[in-house]
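*Asks:* The chain contents come next:
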Amino acid sequence: MKCLFGYLCIITLFILVIYGTVLAAENSGTTLAALTDVQKYNRAIHIMAMLLVGFGFLMVFVKKYGRSALTATYLLVSVSIPLYFLKESLFSTVNSVDVIDKLILAEFAAASLLICAGAVLGRLKMGQYILLGVLFVPFYAFNEWIVLNGGLGLISGKVIDTGGSIVIHAFGAIFGMCVAVSMTTAKEYATPIECDDTSDRFSLLGSMVLWVFWPSFCAALVAPADVPRTAVNVILALCGSTIATYFASIKMRGKISAADIANATLAGGVAIGSTCDLALPGTAFIVGISAGGLSTFGFAIIQSWLTNVTRRVDTCGVLYLHGLPGLLGGIAALFIASGINIAAQLTGILVTMVIAAASGLVSGKMLAQFGRKLEPYLDEEEFCE
Amino acid sequence: MKCLFGYLCIITLFILVIYGTVLAAENSGTTLAALTDVQKYNRAIHIMAMLLVGFGFLMVFVKKYGRSALTATYLLVSVSIPLYFLKESLFSTVNSVDVIDKLILAEFAAASLLICAGAVLGRLKMGQYILLGVLFVPFYAFNEWIVLNGGLGLISGKVIDTGGSIVIHAFGAIFGMCVAVSMTTAKEYATPIECDDTSDRFSLLGSMVLWVFWPSFCAALVAPADVPRTAVNVILALCGSTIATYFASIKMRGKISAADIANATLAGGVAIGSTCDLALPGTAFIVGISAGGLSTFGFAIIQSWLTNVTRRVDTCGVLYLHGLPGLLGGIAALFIASGINIAAQLTGILVTMVIAAASGLVSGKMLAQFGRKLEPYLDEEEFCE
Amino acid sequence: MKCLFGYLCIITLFILVIYGTVLAAENSGTTLAALTDVQKYNRAIHIMAMLLVGFGFLMVFVKKYGRSALTATYLLVSVSIPLYFLKESLFSTVNSVDVIDKLILAEFAAASLLICAGAVLGRLKMGQYILLGVLFVPFYAFNEWIVLNGGLGLISGKVIDTGGSIVIHAFGAIFGMCVAVSMTTAKEYATPIECDDTSDRFSLLGSMVLWVFWPSFCAALVAPADVPRTAVNVILALCGSTIATYFASIKMRGKISAADIANATLAGGVAIGSTCDLALPGTAFIVGISAGGLSTFGFAIIQSWLTNVTRRVDTCGVLYLHGLPGLLGGIAALFIASGINIAAQLTGILVTMVIAAASGLVSGKMLAQFGRKLEPYLDEEEFCE
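Chains as they are written, first to last, in our numbering: chain A, 7 to 391; chain B, 7 to 391; chain C, 7 to 391.
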């Protein structure tokens, strides 16, 4: 049954992508435009490094679930990118968007999906990650269409979210949280998530790869003349959150937590997303410091409290790395972006939260129909040897 | 004696590269051309990441041979690139090819050599990897000259192989298989190759680095305007093989194999090589699915059968990751590339197979003259501490 | 007290960077210039990969100090980059340098700081790495100003040092050595530094990431037309040092040392720095071979001798990877660069050595005032779990 679903899934993708072939007809025209596109391509490759090596290894912190986490990463990316392309091909006017822009938008969807999957990591069977991807992408695209492209006419005005603090990070985190709410079992709640020296070092590798390429994520679709400034803002925000994480971790826990260092250091990148091309460098640094402090507070204080209260597990703490800092970034835009449409920005944030929550709850219920891992956070059940 | 050979090897390289200095005289001319070259340079760096981090760590799956695998990778790259440059300097008209194109061609040779070395990994002494490189590069360049540049007038017509499915992947794999055939010992055949959690995670790291930068490998020498489309094709092919690998692995083995996930996921990149700039995206996705399925079939079914029958060991299974998918890609071009010269394409494939097999067998015999590791797949023999 | 210092440090940074916001006003003008800047941006990202993943993981060779080494790397980078920006904003005429050039210069400072920190790795408390960064950057910038920008009128003529053999590598190594001299304790001298299979493989990962992106480090600020040639020189130098390291390691130790392979392989990149855009490829290869041999000689022979004689510990052996090869590179320029101002070059090297040594000694004394780790080379003291 599981396999049948899988094969159907492949075949569907396969047939639909065929329809998508029209995009091949596009041609980049003049050389200067072509060079600009190749530069976008470079950033697209950087983002791919974030998706696979970055998100993948960040999740390897679960000691006995490393092979599964990496395999799940592979599958989530490989399902979501063709699916998003499909949507672009079916629902967009041909040539309305450049093929390289489509690729980058598809990568954004994959990033949001990986964030979402982090919340339930270790508790889905491998095939269910694929299903999660199939469920997630349409909801993600629907929200993106409403919030950024004026879909349904719900939001009248521009929502400021260049690097996706709202539609990528907050959306993915809230969706994931709600999937976790729908389907966390008592056994999963009771099972501790183990780490060791080696899983921590792998996790820090993932973290660093994300840090390094984050400027390319935020500047992916920015005009060439704005790329350097955007990059500097993102780097200063990341420096700010890294420094803040260290001090906050020591202050709140007494000692440094490797998990804080691997995660909250990146909160500056999440929060500067919305305004990465608009903020002044000093402001970016402040946004980063705030986000790092907030995120560490989330991991050190809120997480254990919320886990106990709700008896629900957010495996990777995506609420604290992507959720809260993402919302912080979306709201910070109100103070940073001059001439911002405040109503549009707030509606955009609200709509994103509602769609993410509702679709996450529904998706969680659906996923739960397809059975569960017997033993959470363990490779053995599904891997040979 | 071993050391003497090494020093001679260095000195030879050294003297010959001096002759190669003429290439420094080249100048990139106009700014637009210079910018285009810098973009090629970026892809050349991406390929270098594949060669060292990608191929290197993919081979770390052999648990107790990690330091050796990485050292061998370093040496194979460091010998083959200057050697190929040398050949370019001695046998090509000056300025006939841009210096950055030469670098990329040299990296292609290094990639093919690393594939070849994968077949006998763990069974050569470190100095023999260097010797393998010295033997391999001239044969590789000879085949490349015949198949792609009309050498000897053997092939009258264009062979379609932009990303090297035939001349890089299939050539390297067949050469390596034949080296293995020439020199596998009974002891090596009997020794199991051990993995563990950590070696698997390192291997998946290598795999992901290859996946991420594969578009730059295929698009390395493609014109700027064609880069985005080529990249999308390669990414869709990789998505296809990744999804197919998961389902095929489950189907054929009952459980997922981390080795399948680390290797067969990449088969889409191998197979789309020949037609990466020509295929439609939907076709690329199909090619990827087919290659992933074929490669997993190779690892799960053919490998153990062939190993038993021939009593020969292909350490990394390069026949199944690079050999069969490479041939698949070369043949797929017959259906994908419009106006293809069928005779030329088939002759190109055949010539590549013959040259690779013959030169591999000869090279294996020569390598065997220089002694062997006493204990296969172990670092200790050659590393201190 | 330690925390107080930290918070003051953040607040100072924070206020000062605000002043730095003027740089946001810059605008890249025409498209061709913008495209050139985006290409520099790409190299800046490559350098960031070297700083975090490269230097970070290279230092993970200390088995039980991996989480600390990576956290320290994060903090050193996050402190030095905003600090250097600050200096640029306060002491440079606005718009005199492009924002992307500033970023790259800041990354150079961070690289030099990481080299410096390698000498005392495992013996500072985490907060002291931050303090080390705060002390280091002004001295580094002061030396850079004197040697490369004619500060104080001390050097009349151009010092050849495109890729920073002198001002980045030798400066950082000598500074670090002198910090180590000021503050190595008897206990630290007596404590062995342990490695294992896994720490070695992580260290080789860092090494390979440095190797791969080294051409972007050297070519970061080079004109587009010179990038390909520079890259080829750097790659040939690295190939040369890699081959030489293998033979020298075997020759001098009887067996291969994984530490030699992880470190001395990079010496070619260090040494070609000064003349990376001027050397002929054959010369670059020779420089690389010499540097690899010299560096391996340092690790295999000088290190144990010097450690015993001085009873001081250089944890990562930065003198042998960055110090000696850096000086070699600076001196090699006398023979390689035509029309070089010999007096200026020699004065530049001398001034760098003097400033680095003096400021390193002073900084070491200051750092020692802030207490010390009780147990060197161990994560446990400062990390939870």
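Incorrect hints may appear among the rest.
No copy is singled out in the list; a pair is fine if it fits within one copy or between any two copies.
Only pairs whose alpha carbons sit at most 30 Å apart, straight line, appear in this in silico DSS-like list of lysine-lysine [claimed, not checked]: (1) LYS164 with LYS70; (2) LYS379 with LYS193; (3) LYS257 with LYS371; (4) LYS164 with LYS69; (5) LYS261 with LYS371; (6) LYS164 with LYS261; (7) LYS164 with LYS257; (8) LYS379 with LYS261; (9) LYS164 with LYS379; (10) LYS257 with LYS131; (11) LYS371 with LYS164; (12) LYS379 with LYS257; (13) LYS70 with LYS261; (14) LYS193 with LYS164; (15) LYS164 with LYS131; (16) LYS371 with LYS69.
For the record, the hints were derived by calculation from the structure and aren't laboratory data.
*Asks:* Which of the numbered hints are not met once you compare them with the structure shown?
*Replies:* Per hint list: 1, 4, 6, 7, 9, 11, 14 and 15 violated.
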